[in-house]
Amino acid sequence: MSGILEFMDVIVRRLQDNDLEEADKILRLSFGTFMGLADPMTCFGDADYVKTRFHADPDLTIAAEVNGRLVGFNFITNWGSVGFFGPLCIHPEFWNKGIANKLLSPTMDLFTKMNIRYAGLFTFAHSTKHVHLYQKYGFWPRFLTAIMSKNIKYISETKEETESNTTKGRHFAKRFSDISKDKQVSVLDDCLRLTNNIYEGLDLRKEISTTYNQKLGDTIVLYDNMHSNEKAFGLAVCHYGAGTEAGSDVCYVKFGAVLPNEDAKGKFAELLSAVEQLASEKGISKINAGVNMERHNAVKTMLNNGYKTDLQGVSMYKPNEQGYNSPNAYVIDDMR
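Numbering of the sequence shown is given in this note's numbering, commencing with residue 1 and proceeding in unit increments.
Hints listed in this document are in silico derivations from the structure and should not be mistaken for laboratory results. Being a predicted model, the structure only gives us computed values, none of them experimental. Hints are supplied without guarantee of correctness; some may be wrong.
[Said to hold, decoys possible] Just the calculated beta-carbon pair ranges, DEER-fashion:
| no. | residue 1 | residue 2 | range |
| --- | --- | --- | --- |
| 1 | 135 | 115 | 42 to 52 Å |
| 2 | 282 | 172 | 11 to 21 Å |
| 3 | 34 | 243 | 22 to 32 Å |
| 4 | 261 | 11 | 20 to 30 Å |
| 5 | 265 | 57 | 13 to 23 Å |
| 6 | 96 | 185 | 21 to 31 Å |
Ideal Cβ placement from N, Cα and C applies to all residues, glycine included.
Input sequences plus hints: build the corresponding full structure.
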């Protein structure tokens with residue numbers, strides 16, 4: 001389609017259930033075209049970034065419609081005081097026509113409404129076009145973000161063997177899917193106390209709950225039982241399998257972290273081991289996880305534990321501040 005934006009009838013609205021199939025096509029076509037794939041529709045395989053994020057909160061979606069046709073959309077994620085957006089997708093026929101601006105203005109309004117203090121996004125480091133677009137809205141590129149992976153061997157274990165392995169010594173792991181309904185709120189509160197110590201107001205409770213409710217994977221919570229009161233010191237929100245943000249035979253750590261203290265390096269290694277054990281139990285052979293390189297001690301720990309970098313993007317933040325991206329922050333997230 002030719003023409004410029006002012007000659008189009010552009011409607012900005014919330015994404016709807018009946019948009020999801022078309023939105024998924026736009027997602028794959030736009031990213032696959034940008035990356036130069038021979039068949040753009042094969043982009044992302046059987047992973048899903050549309051239904052998963054829509055069902056997390058339909059009110060945090062923005063769609064652009066031209067003459068009754070869905071042409072673009074954006075998702076917003078709320079982690080308490082921290083928020084990010086994406087994937088932001090425009091059908092290739094409508095690139096360079098101002099559609100992204102139509103989606104980004106209400107995105108900024110939602111960040112303000114939600115009292116987001118630290119907003120971010122992940123984009124292509126080599127694309128000056130993308131970086132410039134987001135700079136117009138106050139985002140600034142900081143460190144590269146490494147999208148890392150590790151291939152693991154499947155180890156068949158019974159549930160009893162798994163439980164004994166995760167409860168040795170003074171630390172033990174809980175999985176959210178194994179926790180009774182009446183105790184889930186307490187565990188979510190434990191996770192909030194943990195993340196609030198990483199960055200004030202950082203809150204993964206909604207992310208943990210939607211992962212559980214949509215059956216996208218599981219969340220690991222690591223506890224220290226040396227004290228009379230159990231204290232959560234680590235957590236990892238993991239997707240795995242087709243129809244999730246991981247895809248088949250992949251365990252994707254969407255968020256992972258341990259408390260920032262003198263034992264953080266060792267406890268982070270414990271967290272990585274717990275994720276590997278979860279993946280192994282599920283018969284999964286690959287783990288994916290993204291880390292901002294400003295957290296360089298976390299990156300080094302992952303490299304030392306067999307991870308390699310598959311691709312690099314750049315994280316952009318508003319305001320242009322360090323946030324929780326300090327060298328000693330043992331945090332996994334990539335804001336994709």
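ask   = What hint numbers does the structure not satisfy?
value = Numbers 1, 4, 5, 6 - these are the hints that the structure violates, sorted from lowest upward.
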